[in-house]
Amino acid sequence: MARNWISRLAENLRRVYDAGNYARECDVDARRVRSELDAIRVRFPDHA
Numbered sequence: 001m002a003r004n005w006i007s008r009l010a011e012n013l014r015r016v017y018d019a020g021n022y023a024r025e026c027d028v029d030a031r032r033v034r035s036e037l038d039a040i041r042v043r044f045p046d047h048a
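If you're matching positions, the sequence shown starts at 1 in the UniProt record's numbering and goes up one per residue.
Take the hints with a grain of salt, since some may be wrong.
[Unchecked claim] Pair by pair, the computed Cβ-Cβ distance ranges are:
#: 1; residue 1: 16; residue 2: 37; range: 22 to 30 angstroms
#: 2; residue 1: 7; residue 2: 28; range: 25 to 33 angstroms
#: 3; residue 1: 43; residue 2: 7; range: 42 to 50 angstroms
#: 4; residue 1: 46; residue 2: 6; range: 55 to 63 angstroms
#: 5; residue 1: 41; residue 2: 18; range: 29 to 37 angstroms
#: 6; residue 1: 45; residue 2: 8; range: 45 to 53 angstroms
#: 7; residue 1: 27; residue 2: 47; range: 21 to 29 angstroms
#: 8; residue 1: 16; residue 2: 40; range: 26 to 34 angstroms
Just so you know, the hints here were simulated from the structure itself, not pulled from any lab data.
Everything numeric in this text was worked out from a predicted model, so none of it was measured.
For glycine and all other residues, C-beta sits at the position ideal for the given N, C-alpha and C.
Given the sequences, and given the hints that come with them, work out the whole structure.
If you want it as structure tokens, here you go:
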């Protein structure tokens, strides 16, 4: 049982410290936020 949770912990830490994976997620999130802000600016041009 100890090995099982240690393996899961190691896998989670690998994901956290994987710089390439993190950069892709940030790019996707940033792209989504920019597109949502653009949609808001189009809908409410007086508040842009």
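Comparing the hints with the structure gives:
no. : hint                          : verdict
1   : 16 <-> 37: 22 to 30 angstroms : 28 angstroms, holds
2   : 7 <-> 28: 25 to 33 angstroms  : 28 angstroms, holds
3   : 43 <-> 7: 42 to 50 angstroms  : 48 angstroms, holds
4   : 46 <-> 6: 55 to 63 angstroms  : 57 angstroms, holds
5   : 41 <-> 18: 29 to 37 angstroms : 34 angstroms, holds
6   : 45 <-> 8: 45 to 53 angstroms  : 49 angstroms, holds
7   : 27 <-> 47: 21 to 29 angstroms : 27 angstroms, holds
8   : 16 <-> 40: 26 to 34 angstroms : 32 angstroms, holds
Violated hints are absent here; each numbered hint is respected by the structure.
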